[in-house]
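Same order as they appear, the protein sequences are chains L and E.
Residue numbers for the first sequence follow our numbering, so the first one is 1 and each next one is one higher.
Residue numbers for the second sequence follow our numbering, so the first one is 1 and each next one is one higher.
Mixed in with the good hints, there may be bad ones.
In the DSS-like style, the derived pairs of lysine-lysine whose C-alpha atoms are separated by at most 30 Å in a straight line are [claimed, not checked]:
hint, chain 1, residue 1, chain 2, residue 2
1, L, 450, E, 246
2, L, 44, E, 44
3, L, 246, E, 178
4, L, 450, E, 450
5, L, 450, E, 402
6, L, 402, E, 178
7, E, 246, L, 178
8, L, 450, E, 178
9, L, 178, E, 119
10, E, 393, E, 252
11, L, 178, E, 450
Hints were generated in silico from the structure; no laboratory data involved.
Protein chains: 2
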Amino acid sequence: MKNMAPAFKFLQCFTLTLIVVFTLQQQTYAQGAATDSDAALIRKIYDRALTDGRCYPWLEHLSLNIGHRLSGSTGAEKAVAWTKSMLDTMGLDSVWLQPVMVPHWVRGEAEQVRVVGSKKYGTFNMNALALGGSVGTGAKGISAEVVEVMSWEELDNLNERGIRGKIVFYNRPMDATKIRTFEAYGGAVDQRVSGASRAAKYGAIGVLVRSITLALDDYPHTGSLRYDTAVTSIPAVAISTLAAEKLSGLLKDEGKATVFMKTGCQMLPEAPSFNVIGEIRGTERPGDVIAVGGHLDSWDVGHGAHDDGAGCTQSMDVLRILQRAGYRPRHTIRCVLFMNEENGLRGGRQYAAEAERKGEYHLAAVESDAGGFTPRGFSFDGDEAVIDKFFEKIQTLEPLFKPYGLTFTRGGSGADIGPLKGMKGLLSGYSPDSQRYFDLHHTAADTFDKVNKRELELGAASMAALVYLLDKYGL
Amino acid sequence: MKNMAPAFKFLQCFTLTLIVVFTLQQQTYAQGAATDSDAALIRKIYDRALTDGRCYPWLEHLSLNIGHRLSGSTGAEKAVAWTKSMLDTMGLDSVWLQPVMVPHWVRGEAEQVRVVGSKKYGTFNMNALALGGSVGTGAKGISAEVVEVMSWEELDNLNERGIRGKIVFYNRPMDATKIRTFEAYGGAVDQRVSGASRAAKYGAIGVLVRSITLALDDYPHTGSLRYDTAVTSIPAVAISTLAAEKLSGLLKDEGKATVFMKTGCQMLPEAPSFNVIGEIRGTERPGDVIAVGGHLDSWDVGHGAHDDGAGCTQSMDVLRILQRAGYRPRHTIRCVLFMNEENGLRGGRQYAAEAERKGEYHLAAVESDAGGFTPRGFSFDGDEAVIDKFFEKIQTLEPLFKPYGLTFTRGGSGADIGPLKGMKGLLSGYSPDSQRYFDLHHTAADTFDKVNKRELELGAASMAALVYLLDKYGL
C-alpha cells in the first residue's frame with residue numbers, strides 16, 4: 001500500500017467515499033423496501049379501479065336515489081341502510097353498524113333574506129341558506145340595519161355602540177392567491193364558525209356571512225356554526241358571494257341598508273344513527289387495523305356528491321379493489337363510513353372511543369374528505385412522536401406513486417379520523433386537486449354531475465395503493 | 001503532510017470528496033441560477049393571474065359571443081378580429097395579422113345516421129358527427145351492411161371479400177388504464193385519421209368510427225381524417241360511444257345490421273384567414289423570440305372552450321401578466337394565435353416559414369393546447385441536439401414550480417409550434433390535468449361552463465412563469 005502514488009491513493013479513497021455516500025442513500029430507500037412487485041401490484045390496483053371500479057355507480061345511486069343526508073334525516077337513515085347492503089354483497093369478513101347518537105337540526109321552511117328599500121334597487125331578495133345549527137328567527141323574522149365587517153378587529157372596534165340591535169354582515173373573502181384552496185378556506189371560515197356569537201356579544205340580533213367560496217356566483221354555502229353558550233344564540237345565514245358583493249356595493253353607495261331575514265330552523269332532540277363499517281380480517285395481525293373512510297352525512301342541499309359521497313364510495317371500493325387484485329392483507333383493513341362529520345363529529349368520536357375500549361390498535365387511518373377530484377397526493381399526520389418518526393420512512397414509498405402523479409406532504413388528515421390520533425397510528429388525508437372543491441362545498445350545486453368518473457376512480461386506486469403499502473410494510 | 005495518521009488522511013480525503021460531490025451538484029443548479037428573486041417574481045405572476053387575470057372573461061366572450069370557429073367560417077373571422085382588438089388594447093409594441101390560406105370544409109345539414117330494421121330495436125338513430133374533411137354521402141345517403149372491426153389486423157383479414165360494398169365500423173376503445181389520457185387517445189385516434197381510406201382500399205362505401213373518448217355518453221366527437229389520394233374518398237362519421245356500444249351489442253345478438261347514413265358535408269375553395277400576433281419587444285435581443293400560443297380555430301360544434309379558446313386567452317394573458325408584474329423582457333415575447341390547427345395546420349406552418357424567411361430565431365415556443373384544466377407541468381421537446389443539451393438545464397428550474405404543483409418531463413409540445421423545431425429552439429407543451437379533456441374534445445359539450453376560472457388562471461400564470469425564466473436565462 002505504501003508504494004501507491006498519491007493520485008492513485010486519492011482515487012481509491014474517492015471511490016470508497018462515493019460507495020459510502022451511495023450506500024447511505026440506498027439504505028434510506030431500503031427502509032421502505034419498495035420492490036418491483038410493489039410497482040406491479042399498484043399497477044394492478046389502478047387497472048382494476050379504472051376498468052372495474054364501483055365507486056362511480058355507487059356514488060350515482062347515493063346521489064340520485066338517496067340524495068342529501070344530514071344527520072338525523074331520513075336521507076341519512078337510507079344512506080346507512082343502503083351502504084350497509086352494498087358492503088354486505090362484497091364477501092367481506094364482517095359488516096356492521098356502530099350506533100351513535102347525533103344532533104338533529106332541521107332547516108325548516110326556505111330562508112327569506114332581503115334588502116328592504118334600497119334607493120337604487122328597491123327591495124330585493126338575496127340567495128341565502130341558514131348556517132347549520134343556527135336558531136330560527138321566529139315566524140315574524142327580524143329586520144335591522146346592516147353593518148359590514150371585514151375583520152375581527154373591525155368588529156371589536158365597532159363595539160356595542162356600533163353593533164347593538166343590528167345585523168352584522170361578515171364579508172371577508174377567501175384569499176384567491178393561495179394555491180391550495182383549503183388554505184384560503186381556513187383563512188375565512190372563522191366568520192362562519194364563530195361570527196354569530198362574537199357579534200351577539202356586542203348585541204347584534206343576527207348575522208349574514210359571505211359564502212366561503214372563491215367562486216363569484218349565486219349559490220349560498222351553508223356549514224356549521226358554533227354558539228358560545230355565554231351569549232345569546234342569534235340567527236345566522238350565508239348569502240351568495242354575488243349577493244354579498246351587491247350588498248357591500250350598496251352600503252358604499254347608500255351609506256346604510258336594512259335587511260329582513262326569516263328562517264325556520266330548529267334543533268330537534270338527538271337522534272339514533274350509525275357508522276357503517278365493513279372489514280377484511282388480517283391474516284397475520286387481525287387485531288391491528290388500517291381504517292379507510294369518508295363521512296356518510298352531508299348538508300341538506302344538493303347531493304353531497306363531492307362532500308363526501310365521493311370519499312365514502314371510494315373507501316368502499318378500496319376494499320373491493322384489494323379483493324379483486326387478489327391481495328390478502330396482513331392487518332385488518334376496515335372501511336368506515338362516519339356519521340355526522342358536518343355538524344358534530346359524533347361518528348368519528350364514537351369510532352375512536354370504541355376502538356380504544358376494544359384495544360384495537362389503529363396502525364393507520366386514511367380519510368378522503370376533500371372531494372372526488374383528480375389525485376395530487378396524500379398528507380400525513382399523527383401524534384408528534386409518530387409522525388416525526390415515520391414520515392421519512394413513508395417518503396421512501398413516494399416514488400411508487402410518481403407514475404400516478406401523487407406526492408406526499410406533512411399536514412392535516414381528516415376530521416373523522418382525528419380522534420384516533422391518541423392511538424399513535426399514522427393518519428393520512430387523501431388530497432385531490434383542490435381548485436373546484438369550494439365552488440361546490442355545502443351547496444345545492446354539489447351534485448353527481450360534477451364528479452368525473454376517472455378522477456373518482458383514480459382516487460380510489462390511490463387510496464387502495466397506500467393502504468396496500470401500509471399493510472405490507474407496517475410502520 | 002506525511003506525519004498525518006491514516007484516519008486523519010482518510011477524513012481529509014473524505015471531506016474533500018464530499019466537497020467535490022456537492023460542488024458538482026451545486027453547479028448543476030447554478031446553471032439555471034434560480035434565485036430568491038425568481039421565486040418572488042413567480043409569486044407575483046401567480047398573484048396577478050389569480051386576482052387580476054383576463055383569460056377567463058376573454059374566454060367567456062370568445063365562447064359565448066363568438067362561439068365555434070372552424071377555419072374559413074364567419075366564426076373564425078370574428079375571432080380573428082376580436083382577439084386582435086383585445087391585443088390592440090394592451091399597449092403591446094406590435095400587433096398584427098399574418099395572412100394564411102386555409103381549407104374551408106363545411107358540415108352542411110345535420111347528419112342522419114341510423115340502424116335500419118334491427119329485430120330487437122327496429123330502426124333507431126345514432127348520435128353522429130361527420131369527421132372533419134369527410135366527403136358527403138350525396139342527397140340520397142348510403143345504406144349498407146355494417147362490419148365491426150377492432151384492429152387493423154382484423155380489417156386486413158376481412159379483406160375485400162368481407163368489406164366490399166359495406167360500411168366499416170371501427171370500435172376499438174381508448175385504453176382506460178393509461179393514466180395520461182393523451183396516451184390512450186394516441187392509441188385509438190388512428191381509426192379516425194386513416195380508417196376511411198384503409199377501409200376504402202377494400203371497397204368499403206363508408207365508415208363509422210367510435211368516438212375517441214373514455215366517456216360513455218351520447219356525444220359524438222368529430223376530428224379530422226386524412227384521405228389517401230390513391231383510393232376513393234368515402235364518407236366517415238363518428239358515432240357516440242353509447243351508440244357504438246349499442247350497435248356492437250346488436251351485431252353480437254343479431255349477427256348483422258344495416259346502417260343508413262346521410263351527410264351533406266363538402267370541401268369549399270380555400271379561404272383567406274390569419275394568425276393573430278402581438279408582441280413585447282425585447283430590450284436586449286429583440287431579434288430573438290419566445291413565442292407563446294394556442295390555436296384560434298375550433299371544430300364547428302360547442303364553443304371550442306377547452307380546445308383551444310383556453311390556450312389562446314391564456315397566451316394573451318401571459319403578455320398582460322408579465323406587463324402588470326412590471327417585467328421588461330430581454331427577448332421579444334410574442335403571443336401567437338394560430339389559425340387552422342384542427343384541419344390543416346396551415347397557421348403553424350405559415351408562422352414557421354415566415355420566421356425562417358425573416359431570420360427570427362425562436363429561442364423557445366410554448367403551446368397550450370391540452371385544455372384549461374389545473375396545471376400539472378410542462379413537457380419539453382425540440383430538435384434532438386437541442387433537447388439533449390438543454391433539458392438538464394431546464395430541470396434546474398423545476399423546483400421553482402414546486403409550490404404550484406408542476407413538474408417537468410420530456411415529451412411532445414404542441415402541433416402549431418412543431419414546425420419551429422428545425423430552428424433549434426426549445427419547444428414546450430403546457431400540460432394541465434388530462435382526465436376531463438377527452439370527455440369534451442371536439443364535441444358540442446366543449447362549452448365555457450366546463451372551464452374553471454382558477455384552473456384557467458393558474459395555467460396562464462404557469463406559462464408566464466416559464467416564459468419569464470426562459471427569457472431571463474436563455475438556453
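Legend entry - Pairwise hint evaluation, residue 178/E against residue 450/L, where the allowed Cα distance is 30 Å at most: OK: residue 450/L and residue 178/E at ~22 Å, within 30 Å.
Inset, instruction - Below or equal to 30 Å on CA atoms is what counts here, so check residue 450/L against residue 450/E. - result: holds, 10 Å
Inset, instruction - Compare the distance between the alpha carbons of residue 178/L and residue 450/E with 30 Å, and conclude whether the hinted pair is satisfied. - result: Given pair residue 178/L, residue 450/E holds - Cα atoms ~22 Å apart, limit 30 Å.
Legend entry - Pair hint residue 450/L and residue 246/E, alpha-carbon separation not exceeding 30 Å: holds, 26 Å
Inset, instruction - Please work out if residue 402/L and residue 178/E have their alpha carbons no farther apart than 30 Å. - result: Holds, at roughly 14 Å.
Inset, instruction - Verify the proposed pairing of residue 246/L with residue 178/E, using a straight-line Cα cut of 30 Å. - result: violated, 47 Å
Legend entry - Distance restraint between residue 450/L and residue 402/E, which requires alpha-carbon spacing of 30 Å or less: holds, 28 Å
Inset, instruction - Quickly compare the C-alpha distance for residue 44/L and residue 44/E to 30 Å and report which way the hint goes. - result: The hint is violated at about 42 Å.
Legend entry - Agreement of residue 178/L and residue 119/E with the hint, judged by alpha carbon distance not exceeding 30 Å: Not satisfied, since the Cα-Cα distance of roughly 59 Å exceeds 30 Å.
Inset, instruction - Take the C-alpha atoms of residue 393/E and residue 252/E, compute the straight-line distance between them, and say whether it is at most 30 Å. - result: Not OK: residue 393/E and residue 252/E at ~56 Å, beyond 30 Å, violated.
Legend entry - Holds or violated: residue 246/E to residue 178/L, with C-alpha atoms at most 30 Å apart: violated, 47 Å
Comparing the model with each numbered hint stated earlier shows that hints 2, 3, 7, 9, 10 do not hold.
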